[in-house]
Each structure stands twice: as C-alpha cells, then as structure tokens.
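Quick note, the sequences are listed as chains A, B and C, same order.
Residue numbers for the first sequence follow the numbering used here, so the first one is 1 and each next one is one higher.
Residue numbers for the second sequence follow the numbering used here, so the first one is 1 and each next one is one higher.
Residue numbers for the third sequence follow the numbering used here, so the first one is 1 and each next one is one higher.
None of these hints come from the bench; they were simulated from the model.
A few of these clues could be false.
[Unchecked claim] Far from chain A, some chain C residues (derived; all Cβ distances over 12 Å):
id, residue
1, L7
2, E19
3, E24
4, E25
5, L29
6, S39
7, K46
8, D52
9, T60
10, S68
11, K132
[Stated by the list, open to error] If you only want the chain C side, here are some residues facing chain B, beta carbon under 10 Å, derived:
id, residue
12, R53
13, S73
14, L79
Note that beta-carbon positions come from the ideal geometry of N, C-alpha and C, so glycine has one too.
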Amino acid sequence: MMAYKISIKQFDGPLDLLLHLIEKAELDIRDVFVSEITSQYLEYVYSAEDLDLDTASDFLTMAARLMYIKSRSLLPKPPRETDEEEEDPEELLIRQLREYKAYKQASQMLSELEKDASKVYTKLPEEFILPPKEVIFTGGTPTELYYAFCELLHRAEQGGARDNKALTHEVTPDIYTVRGCMAEIRQMLREKDGECEFFELFEDDAPKLKIIVMFMALLEMLLRQEIAINQSKTFGKLHIKALELKDGEAYKNVKMMDEVVSDE
Amino acid sequence: MNNTELLNALECVLFVSGEPVLIEELCKLFDVTMLEMTSMLSQASKLYEEQDRGVLLHITEESVQLVSNKKYSKYVEELLQPTQSRTFSQALLETLTIVAYRQPITRAEIDFIRGVRSEYSVSQLMKQGFIKECGRKDIVGKPQLLCTTDKFLRKFGLNTLSDLPNYDLLSDPNRLSLPDDDEKELIDTV
Amino acid sequence: MNNTELLNALECVLFVSGEPVLIEELCKLFDVTMLEMTSMLSQASKLYEEQDRGVLLHITEESVQLVSNKKYSKYVEELLQPTQSRTFSQALLETLTIVAYRQPITRAEIDFIRGVRSEYSVSQLMKQGFIKECGRKDIVGKPQLLCTTDKFLRKFGLNTLSDLPNYDLLSDPNRLSLPDDDEKELIDTV
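Next comes chain A alone, as it looks inside the complex:
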C-alpha cells in the first residue's frame, strides 16, 4: 500500500494529511468516507516512523475519529433524537476539511503576496543629532504673573490659611524671635487701643526677616486667639484687633514656630 515513504513531519497536522490523500486519489472531499481514504490514513499514521509524542496525539485523535465514523456506517443507525444538538461527526469532519482547505489555499496566496512584497525595501532611520528635549510652556503673560503675585499677597494678607509646617529654615531666631515679635505686637496694640493696621507693625525700612518673623508671631497670636485679623473688603487692608492679650509668661512651656524648627 505505502509505495512511497514520506515523512509525517511534512504534514501540518491530520487535516493536511487527509487533504493530501484526497488530492492524490483525485476525490471530492464529500466522497472521503466512501473511499479508501480512511484505511490509507490509518495505515499511514501507524506505519509512520517519525511519529513522536509531540505530533502523535493530533494524528491519533483523527484516527480514532475516522474509525468511529467508519463503525457508525457499519452499524444500524440509532433512532434519531428529536433535538439535533450534536453535529453528525461525518458532516463535521467534511466541514473541517473544507474549511481547512480554503485557508490552506489562501495561505499559498499570501505566500505569493509576501514574495512580491519582499522586493520592496526600506531604509534604516537616519542618525539625527537632536538638541536636548525642551518643554514649551504655553500661556504665561505678564498680566498673569501680576495676578498670581496679587493673589499671593492677598493670601499673605489673609495670613491664617497658611500651612506653617512648610516654613523650614533660614528663620534666624538669634536676631528676631517669634516670642520677641509677639511682645512687640502686644505693645503696639496696647499703645493703639487694641487695634492697628498690619503695616503699622513695621518701620518703613524693616528688614525682610523681621517682617517674616512678625508675620509668624501674628500667626501664633491668631492661633492662640490673642488677636483677630479682619479685612473690610477683598484686597483691602488687614486690621489687627486685640482679643485677649496675654503675658509672655503664659507661653513658657509652649514652643513657637521658630523654636520647633531650630530644635530639629
């Protein structure tokens, strides 16, 4: 029967082998089960020398399917079930063979396409020396800057909303201390009948550091409800009003902002 020796490796699975046998016998796929194809297939698979574990299972499963179909044709047909859920195994295999054949043929056409497309060449990317990557900022006008600054000053005037933990270093308590400034503010408020403007707290040429520490002192006093700060209108001046001014002694065991920082 096996007049020629061919390797099973040249077939891409049992359907491929079946198709090969069908074509060799010049049969139509539909006639596969009335032909010798089944026995040819079985003989081929069982005599194949290079049937290893990797490829064996698919081929053997197909062999079992073919034998099952063959045995069905020899036995009287069982009475038909009313619901035909299961596709007839013979029909299913014919369907599979047809479908596989269609895509196998299509794959040969694809192979031609690829061969043709392989005459098309591309080139490697150029080496292009690039300047360092830049971020382009959009927007940003002097007016925007101005408003941002006004907003900051506004916030500075509001004062209370500050997250004081952010203030970390460069507050040099050697020169100005929060405690000292608090005393100064209390004194000023006493002189001015309990009310004054924020800017009255400084001399005109007060160093920035003093303003900063003064500011911190104000915050401490606000926190401890010694004073209240209010503003007649948005962007207006800040008024400081004494609530209950305390004695410096009252905070003997309390750490002020600058003291917390310098301890760290």
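Given chain A's structure and the hints, the job is docking chains B and C onto it.
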C-alpha cells in the same frame, strides 16, 4: 505652508524616519486634521506612482512609510545584495492566514480550523509582531482574542485587510455552508 | 532605459542604501560612463533643489548620497523628539512671579510667601531655564539666591524686569500686602 511644501516636508520626515510613521503623529506635526492628512497622503501616493518614482508611499490605516519601488528591485539587489528575510513555514503561514481572515479569533478556534494545536505558531507570530492580542472573548475562561498588526500589512504589501485575496468570502464565519464546487470555483478564479 | 527611468532607479538604490554610494559603482550598475553619470547626477541634484524636495543629493567627487533637506529639519526634530507643551501650573506661576518681583530671593523666602514648600517648582523652573542661581545670601547656611533669566524675559515678552506690571510698587521687599486703593487704580490701568 502650502500643499507642495507640506508634501516635501512629508517626504523629508518619512525619509529620515525610515520606519513607518503614525498618521496621527503626522497630523499633529503639520497641524492638519486626520481627513486632510489621509487625503493628502493618498494624493501624494498616487503622484509618486504615476511618476514611477524610485520611492513610493506605503499607506495603511494607521501609518505611512517610504518604501522602495519594487520595479527597480533588481538594481537594489545587484548593488546592495540585501539579505532576504526568511519566509514563513507552512504552519506559521497557515496560522497567520486564519488570523488575518477571521480576526478577532481565539487560539482554540485556530486550532479547530487547522486540526492541530497552534500554540507554537501563535507565540512565534506574536514574537515577530505580526499578530497581537486585541481583547478577550466573553466566554468561559475569557480567552485571548488575536488579530493582525500594521507590520503584517506591510510585510504582505497590503494597505488594508480587505486587500486580502477573496477577503469577503473567507472572512465570513458562516462561509462553510457553501457547497464544495462553488467554493472551488471562487477560489480557483483568484 | 531612458533618462527618467534611470533617475528613478537611482533614487531607489540611493534610498535603500542610505549611505554614500560610489559613483563608479553606479556607472557599472547602470552601464553608463563616468561622464554620463556625473552629468546626470548634477542635473538630478539641481532638479531636486529647484523643487525644494524633502531629500537632496549630496554629491562629492567620488560618491553620492540621498540626504534630508535641512529646510525641513524643524519637522524632523519635532517628529523625532516632540516638544511637550504644558501650561504653567499655578505652583510654577506663583513661584516664578515671586522670583520675578522679589529677586534675588532664597527658596525659604519663596516658601514663606507661598506658605508651602516650593522645592519642586524651583527645580522645575531652573530646569526649564526661567530662573537661575545668582549668588549666595550672606546668612547662616549661605542659601542660594535665585533670580530670573533672559529666557524668562523673552517668554513673557518683557524687555526688562521693570516692565512687569506695578513693578516698583510690588518689588519692594518689605511689602507683604496688596496695593491699597490709590495704588490699585494704577494697576487697573496697566
């Protein structure tokens, strides 16, 4: 920037890039809409072809690449002796074909059509970038759905999937009800 | 093969090669004399230039190469390395504005005015070249002093810092309040 200038600039960036450039990126670069860009590209592509230029535009839905005109491939081969990329094995080609026509498709469906397990072929094709995952099928186990890539189109010289031979027939999942002979005729006429 | 065909084929092989190709080899390839080839090349080169093509021919005595036209290099750069465009975040704008009005200033002072840490904003602004170090403050720790750069002025279309709205008033280091009503009028007319 007028049309001619834009086409020249396009030639320049595609030349430098060498690789496929996403059409989306070109839109951003030249500040034109997708519609304007695709119409411009197809116009340019036609122009190149008409002039039998040494380079042509290979346009897919996603990207565009400057490629050599295969009409002159014999000169390229003679002068540069480029290494031919290896061709696909039958198993790879069959698997790729099934994914191409039937995407999105699960591995089990491929296995069924081919009658063998396609695990290795699928992993090889994925590794080489010809197919990719494109979601999960909403059935038990949520299997991976596979589809082809832009690289696949380029490799086979296609602009779009429907350029595949017999696409309508073979992409129809119900096509199998066709009688053998009809099918045979259809395929044989390709 | 006529002249046009030869020029197209030439474009094709130069494209695929990417590198300079010896004119001698081209003569052999197309079976023409050195004289014919050099005249053809210079003719082609002129044509490319006249058309402002995206690629030009770079011809030396020995070789010829297809090169990108530098006229379009900004597109190439943009494509290969797109610039990110961002708007100034509130934090960046605030920090920048403080440095602008109050320079030279230390980071701690900025932190104080903003009420939050400005470390990230400062480093970003320095990286982008809008602010720079301009010395050290002579206090404990010798902190860095920051000021704006020339790029800052250009970005905001200013000739000098004093072109900033209300500069004289707001640059006063002692000032921690908004302009009062009289001053405000001045501002609103800016």
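Results for each hint:
| no. | hint | verdict |
| --- | --- | --- |
| 1 | L7 | 18 Å, holds |
| 2 | E19 | 9 Å, violated |
| 3 | E24 | 22 Å, holds |
| 4 | E25 | 17 Å, holds |
| 5 | L29 | 15 Å, holds |
| 6 | S39 | 26 Å, holds |
| 7 | K46 | 23 Å, holds |
| 8 | D52 | 19 Å, holds |
| 9 | T60 | 18 Å, holds |
| 10 | S68 | 6 Å, violated |
| 11 | K132 | 16 Å, holds |
| 12 | R53 | 6 Å, holds |
| 13 | S73 | 8 Å, holds |
| 14 | L79 | 5 Å, holds |
Checked against the numbered hints listed earlier, the structure breaks hints 2, 10; every other hint is satisfied.
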